[in-house]
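With these hints in hand, go ahead and build the complete structure from the sequences.
There are 2 protein chains.
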Amino acid sequence: MEVTLGRFLFERLSQLKVNTIFGLPGDFNLSLLDKVYEVDGMRWAGNANELNAAYAADGYSRIKGLSCLVTTFGVGELSALNGVGGAFAEYVGMLHVVGVPSILSQSKQLLLHHTLGNGDFTVFHRMSNNILQTTAFISDINTAPSEIDRCIREAWVYQRPVYIGLPANLVDLKVPAHLLDQPLDLSLRPNEPEAQEEVIQNVLKLVERAQNPIILVDACALRHNCREEVKELVNITNYPVFTTPMGKSGVNEDHPRFGGVYVGTLSHPEVKESVESSDLILSIGALLSDFNTGSFSYSYKTKNVVEFHSDYTKIKQANFPGVQMKECLQMLISKIAPLVINYKPVSVPYVPEYNTACPPETPLTQEWLWTRVSHWFREGDIIVTETGTSAFGIIQSRFPNNTIGISQVLWGSIGFTVGATVGAAMAAQELDPTKRVILFVGDGSLQLTVQEISTMCKWQTNNTWMFVLNNDGYTIERLIHGMNATYNDIQPWKNLKILDLFNAKESESTRVSTTGELESLFEDPMFAVLNKLRMIEVLLPRMDAPANLVAQAKLSEQVNNT
Amino acid sequence: MEVTLGRFLFERLSQLKVNTIFGLPGDFNLSLLDKVYEVDGMRWAGNANELNAAYAADGYSRIKGLSCLVTTFGVGELSALNGVGGAFAEYVGMLHVVGVPSILSQSKQLLLHHTLGNGDFTVFHRMSNNILQTTAFISDINTAPSEIDRCIREAWVYQRPVYIGLPANLVDLKVPAHLLDQPLDLSLRPNEPEAQEEVIQNVLKLVERAQNPIILVDACALRHNCREEVKELVNITNYPVFTTPMGKSGVNEDHPRFGGVYVGTLSHPEVKESVESSDLILSIGALLSDFNTGSFSYSYKTKNVVEFHSDYTKIKQANFPGVQMKECLQMLISKIAPLVINYKPVSVPYVPEYNTACPPETPLTQEWLWTRVSHWFREGDIIVTETGTSAFGIIQSRFPNNTIGISQVLWGSIGFTVGATVGAAMAAQELDPTKRVILFVGDGSLQLTVQEISTMCKWQTNNTWMFVLNNDGYTIERLIHGMNATYNDIQPWKNLKILDLFNAKESESTRVSTTGELESLFEDPMFAVLNKLRMIEVLLPRMDAPANLVAQAKLSEQVNNT
Numbered sequence: 001m002e003v004t005l006g007r008f009l010f011e012r013l014s015q016l017k018v019n020t021i022f023g024l025p026g027d028f029n030l031s032l033l034d035k036v037y038e039v040d041g042m043r044w045a046g047n048a049n050e051l052n053a054a055y056a057a058d059g060y061s062r063i064k065g066l067s068c069l070v071t072t073f074g075v076g077e078l079s080a081l082n083g084v085g086g087a088f089a090e091y092v093g094m095l096h097v098v099g100v101p102s103i104l105s106q107s108k109q110l111l112l113h114h115t116l117g118n119g120d121f122t123v124f125h126r127m128s129n130n131i132l133q134t135t136a137f138i139s140d141i142n143t144a145p146s147e148i149d150r151c152i153r154e155a156w157v158y159q160r161p162v163y164i165g166l167p168a169n170l171v172d173l174k175v176p177a178h179l180l181d182q183p184l185d186l187s188l189r190p191n192e193p194e195a196q197e198e199v200i201q202n203v204l205k206l207v208e209r210a211q212n213p214i215i216l217v218d219a220c221a222l223r224h225n226c227r228e229e230v231k232e233l234v235n236i237t238n239y240p241v242f243t244t245p246m247g248k249s250g251v252n253e254d255h256p257r258f259g260g261v262y263v264g265t266l267s268h269p270e271v272k273e274s275v276e277s278s279d280l281i282l283s284i285g286a287l288l289s290d291f292n293t294g295s296f297s298y299s300y301k302t303k304n305v306v307e308f309h310s311d312y313t314k315i316k317q318a319n320f321p322g323v324q325m326k327e328c329l330q331m332l333i334s335k336i337a338p339l340v341i342n343y344k345p346v347s348v349p350y351v352p353e354y355n356t357a358c359p360p361e362t363p364l365t366q367e368w369l370w371t372r373v374s375h376w377f378r379e380g381d382i383i384v385t386e387t388g389t390s391a392f393g394i395i396q397s398r399f400p401n402n403t404i405g406i407s408q409v410l411w412g413s414i415g416f417t418v419g420a421t422v423g424a425a426m427a428a429q430e431l432d433p434t435k436r437v438i439l440f441v442g443d444g445s446l447q448l449t450v451q452e453i454s455t456m457c458k459w460q461t462n463n464t465w466m467f468v469l470n471n472d473g474y475t476i477e478r479l480i481h482g483m484n485a486t487y488n489d490i491q492p493w494k495n496l497k498i499l500d501l502f503n504a505k506e507s508e509s510t511r512v513s514t515t516g517e518l519e520s521l522f523e524d525p526m527f528a529v530l531n532k533l534r535m536i537e538v539l540l541p542r543m544d545a546p547a548n549l550v551a552q553a554k555l556s557e558q559v560n561n562t
Numbered sequence: 001m002e003v004t005l006g007r008f009l010f011e012r013l014s015q016l017k018v019n020t021i022f023g024l025p026g027d028f029n030l031s032l033l034d035k036v037y038e039v040d041g042m043r044w045a046g047n048a049n050e051l052n053a054a055y056a057a058d059g060y061s062r063i064k065g066l067s068c069l070v071t072t073f074g075v076g077e078l079s080a081l082n083g084v085g086g087a088f089a090e091y092v093g094m095l096h097v098v099g100v101p102s103i104l105s106q107s108k109q110l111l112l113h114h115t116l117g118n119g120d121f122t123v124f125h126r127m128s129n130n131i132l133q134t135t136a137f138i139s140d141i142n143t144a145p146s147e148i149d150r151c152i153r154e155a156w157v158y159q160r161p162v163y164i165g166l167p168a169n170l171v172d173l174k175v176p177a178h179l180l181d182q183p184l185d186l187s188l189r190p191n192e193p194e195a196q197e198e199v200i201q202n203v204l205k206l207v208e209r210a211q212n213p214i215i216l217v218d219a220c221a222l223r224h225n226c227r228e229e230v231k232e233l234v235n236i237t238n239y240p241v242f243t244t245p246m247g248k249s250g251v252n253e254d255h256p257r258f259g260g261v262y263v264g265t266l267s268h269p270e271v272k273e274s275v276e277s278s279d280l281i282l283s284i285g286a287l288l289s290d291f292n293t294g295s296f297s298y299s300y301k302t303k304n305v306v307e308f309h310s311d312y313t314k315i316k317q318a319n320f321p322g323v324q325m326k327e328c329l330q331m332l333i334s335k336i337a338p339l340v341i342n343y344k345p346v347s348v349p350y351v352p353e354y355n356t357a358c359p360p361e362t363p364l365t366q367e368w369l370w371t372r373v374s375h376w377f378r379e380g381d382i383i384v385t386e387t388g389t390s391a392f393g394i395i396q397s398r399f400p401n402n403t404i405g406i407s408q409v410l411w412g413s414i415g416f417t418v419g420a421t422v423g424a425a426m427a428a429q430e431l432d433p434t435k436r437v438i439l440f441v442g443d444g445s446l447q448l449t450v451q452e453i454s455t456m457c458k459w460q461t462n463n464t465w466m467f468v469l470n471n472d473g474y475t476i477e478r479l480i481h482g483m484n485a486t487y488n489d490i491q492p493w494k495n496l497k498i499l500d501l502f503n504a505k506e507s508e509s510t511r512v513s514t515t516g517e518l519e520s521l522f523e524d525p526m527f528a529v530l531n532k533l534r535m536i537e538v539l540l541p542r543m544d545a546p547a548n549l550v551a552q553a554k555l556s557e558q559v560n561n562t
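If you read the protein sequences in the order shown, they are chains A and B.
Here the UniProt record's numbering is used: the first residue of the first sequence is 1, the next is one more, and so on.
Here the UniProt record's numbering is used: the first residue of the second sequence is 1, the next is one more, and so on.
Honestly, the hints are just simulated from the structure, not real lab data.
Any given hint could be a false lead.
Each pair may be met inside one copy or between any two copies, as identical chains are not told apart.
Listed next, the in silico SDA-like pairs over lysine to any residue satisfying Cα-Cα at most 25 angstroms (straight line) [to be verified]: (1) Lys494 with Glu508; (2) Lys505 with Ile490; (3) Lys532 with Asp489; (4) Lys554 with Ser102; (5) Lys314 with Gly119; (6) Lys554 with Ile103; (7) Lys231 with Lys326; (8) Lys314 with Leu110; (9) Lys494 with Asn470; (10) Lys497 with Lys532; (11) Lys494 with Asn531; (12) Lys316 with Glu361; (13) Lys494 with Ser507; (14) Lys494 with Lys532; (15) Lys335 with Ser310; (16) Lys316 with Asn495; (17) Lys497 with Asn462; (18) Lys301 with Leu110; (19) Lys497 with Ser507; (20) Lys108 with Pro321.
See below:
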């Protein structure tokens, strides 16, 4: 009645429906990888490199709430750091398991390969430690299971990356199997009742007096699994609800009370007016980064702002540490109904769509693309948008109900989405065979992580559509600085040959350059069937960009120069 | 008579013949990149991603003694860390310049993109600091030039990476131009004369008594530019000279006193016997890592070992801190002649070549390849070998005079060589239009960094031959553990289509699977002309590997399991 420590780890993950493990083999993790195959329904993704694997783990976690990345000591773990840093910045739960040299090698300070050659075996762990929720550098088989449980718990609850260093000689040692019978405790600790009650009473007072309240949904509402609470709050109050760019997909955009995306001065004028003239803002999961706020250009006229966060609540200027949003929102929902009886719903902004009626030979533009594609999206889609024109463009697309948007608005590491799409597509395969994953990535960003498309080919993620927006280089950078500088150019690739190079089985690669060409794809029902891996290269003018990106780029250059 | 701080940096690098800058644009370094174009003869490589760029900088530095990598804050710099760590472990001089947010943004703790969202602007610098010789996080324009000079000096002298954080708003500020007239002081500080004299006298005493002395050349002899001293010492003493795997190319292998490559128990028996029966070993630049020593299997019979290092000398058990090898070797050379007059040169081992005479339809093997390719190498070649079968196989190839070998025997990050080849090829373009760069990389390693071949296409490095050893997966890992495990499989690619995908101008892609096919390539004089970018896919049996790798893999698994 014993299991190996390695198997214990993967059984725990399996209990949480984490069924794909991302990463690469390396000689300090090989014995650990043997254990992946011992667990029912578990698969080893086998990514193309460690950074891509971390991105994939990020994408997977945004769908399933947790993911696991396995790398090898030194070389592997350092390659993944940018991906792990992104998970930290953007609140994504991820277990980074590093296969490290045996305890004996460590204590003898052997000059092993993958070390700095100075006998320091904790240096990489110390480096990672700056971008983690918690870590365990395992050295004792007796405490190892509880250390693993602690790390998994924290990754899940705080939605941040954690690190487990697992020595090569420990993964085959045995631990009691009955430990697996005790389910992991993933509950949030309850809020302190008095503090929570004070918050609720204060909020209710503000609600009672409000004439023109709104709800503003941001990133952490998604990451801390509060979509359901948001939905109930909107339904019960009838308040207009807006999202930020990072909060997009946190609320049903088909809902009659959905008002649009608020990005400070970069918002549509009607949206800006609606939000900023409000006399009470219930802000849920705010993450006020530059690209999420139109370079910090929020300008509410009201001082009545309530911020619900994952670890505190703020009412006007008062902080309530430890009052966590999920429980607090549930409590609010249970008490708010009588106070909103007399609320007279104001109308929500109507943002007109751009004219999509144009001759079919019209060259494609970003403006047209982001409007038109809304009508091709369908319920349940996962929509992945790369930093650059895509992440800005998608703001003006309307998402059907129950979609999930994946983007890296705060961390903004270009190339992220190709890896994230692999993770999202594998998660979607596990969840629902009809779920589509739709990627929008620029030709510049694609180059950083292109080999991860090979992992899609390996796993035949025929639920994936990749729109490669080819505008001949780094357009977002050109808008910020160096419009004609050659450092913003890239080597042009024959993108339509990528799927073939990587040996895709069923696949389709198409290029479109006019509205008519893209229109016929979208109108073709066969194009929407999940039967092949698809790449659509979308040719766009070099300096064409969504209007909000053009404005943001100007603001960014100002910040850099002062 | 002023120059911008950004230009000052690149002018300094230009003075040291660093004429290519590696990296990617990002909005915190764009203004800095403008300055690259202001300096005569300077070019911006524009790599495909930051890890590859770091590898390229590593390869460039191994040819030119120093290199410069430019990344952007957070996302860019973290992506490069594995490459920077490799430069630290393997003693490679590299300047890592990171474009960071403006001083004002930092002091206001703005929630900028590319940050962790917590207002901590020094976290990435702190992480890097663990794998650097020194750093400067510039905040004052007045001291900036001297800080830059200090960092460049340390990177050069210690052959290690250094870090300069350069705020976006400072690069356009002016500094006095006359600072550039004072050449950088790159001299080693002189050895303390008394300590050095004691070392010399002790060594001379050992030399006088030695019957059977040898010289053993290792990695740091190459990195600290002591090839000339090694050559003189061999010529003046007539001692047999051996190299380690990492020391390969540190000595002319056509020299009559060259005895072969010593790798402990993995050495050819004659080499092992010659080294281990010696009664005096003059070891130059030793770096005793596992893969460099056959898993620490050195077994000298003599206790008379003198180790010359870049920062100390060790005689038997006595350390002489601060007695640096370059000056010390020069002093020794000037005094050793009278003491070796009576030395009777022993013969050096004769390592027979494997039989290359076989029917042309014979399937290729590693053993045949590494023997045969020796005769195709020519003077001046740069030979790059990836961790795996290539780095082990190359040990049995004989290098012509004046070749440079590039490999990452200690750090061993797979994928390194594709990036390193870009750097080496660009350095070769600058140094000598007839110089060839020859890469050997496995099909598994290639997948991690394949997009860097696009940078070769961009710069038309028609001095480059890429031999892709296709043995259907991670063979080195299969030998260590998991011979039939699918985690050591990779998605098969159509490698011959890579150059076309990346839009190579003049290029050639060929596949060979028999000795006859490879023989005809090597015999074709046109194949050796520097007029196109070439990829040769070499099909090899899945479990075929150089004998020394098979032995090393067994030793490695033992170390991991205990």
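A quick look at each hint next to the structure:
1. For the homomeric pair Lys494 and Glu508, the shortest alpha-carbon distances inside one copy (14 angstroms) and between copies (17 angstroms) are both at most 25 angstroms.
2. Taking CA atoms no more than 25 angstroms apart as the test, Lys505 paired with Ile490 passes between copies only; the shortest distance there is 15 angstroms, against 29 angstroms inside one copy.
3. Proximity of Lys532 to Asp489 under the C-alpha cut-off of 25 angstroms is restricted to the inter-copy arrangement: shortest distance 23 angstroms between copies versus 32 angstroms within a copy.
4. Taking CA atoms no more than 25 angstroms apart as the test, Lys554 paired with Ser102 passes between copies only; the shortest distance there is 15 angstroms, against 52 angstroms inside one copy.
5. In this assembly of identical chains, Lys314 and Gly119 lie within 25 angstroms of each other by CA distance solely across copies; the values are 19 angstroms between and 48 angstroms within a copy.
6. Taking the shortest Cα distances, Lys554 and Ile103 sit within 25 angstroms of each other only across copies (19 angstroms), while inside one copy they are farther apart (53 angstroms).
7. In the homo-oligomer, the alpha carbons of Lys231 and Lys326 lie at most 25 angstroms apart inside one protomer (13 angstroms), although the nearest pairing across protomers, at 72 angstroms, exceeds that limit.
8. Taking the shortest Cα distances, Lys314 and Leu110 sit within 25 angstroms of each other only across copies (20 angstroms), while inside one copy they are farther apart (52 angstroms).
9. For the identical chains of this complex, Lys494 and Asn470 are neighbours both inside a copy (11 angstroms) and across copies (24 angstroms), given an alpha-carbon limit of 25 angstroms.
10. In the homo-oligomer, the alpha carbons of Lys497 and Lys532 lie at most 25 angstroms apart both inside one protomer (15 angstroms) and across protomers (22 angstroms), since each shortest distance falls under that limit.
11. Proximity of Lys494 and Asn531 under a CA criterion of 25 angstroms is satisfied in both settings, with 24 angstroms inside one chain copy and 23 angstroms between copies.
12. Taking the shortest Cα distances, Lys316 and Glu361 never come within 25 angstroms of each other, neither inside one copy (54 angstroms) nor across copies (82 angstroms).
13. Proximity of Lys494 and Ser507 under a CA criterion of 25 angstroms is satisfied in both settings, with 16 angstroms inside one chain copy and 15 angstroms between copies.
14. Taking the shortest Cα distances, Lys494 and Lys532 sit within 25 angstroms of each other both inside one copy (20 angstroms) and across copies (19 angstroms).
15. With identical chains, the CA atoms of Lys335 and Ser310 are at most 25 angstroms apart within one copy only, with a shortest distance of 20 angstroms there and 73 angstroms across copies.
16. Taking identical chains as interchangeable, the C-alpha atoms of Lys316 and Asn495 are never at most 25 angstroms apart, the minima being 51 angstroms within one chain and 61 angstroms between chains.
17. Taking identical chains as interchangeable, the C-alpha atoms of Lys497 and Asn462 lie at most 25 angstroms apart whether they share a chain (17 angstroms) or sit on different chains (23 angstroms).
18. Taking identical chains as interchangeable, the C-alpha atoms of Lys301 and Leu110 lie at most 25 angstroms apart only when they sit on different chains, with a minimum of 22 angstroms there against 64 angstroms within one chain.
19. When the C-alpha separation of Lys497 and Ser507 is checked against a cutoff of 25 angstroms, the pair qualifies both within a copy, at 11 angstroms, and between copies, at 17 angstroms.
20. Taking the shortest Cα distances, Lys108 and Pro321 sit within 25 angstroms of each other only across copies (23 angstroms), while inside one copy they are farther apart (46 angstroms).
Going through the hint list in order, the structure does not satisfy hints 12 and 16.
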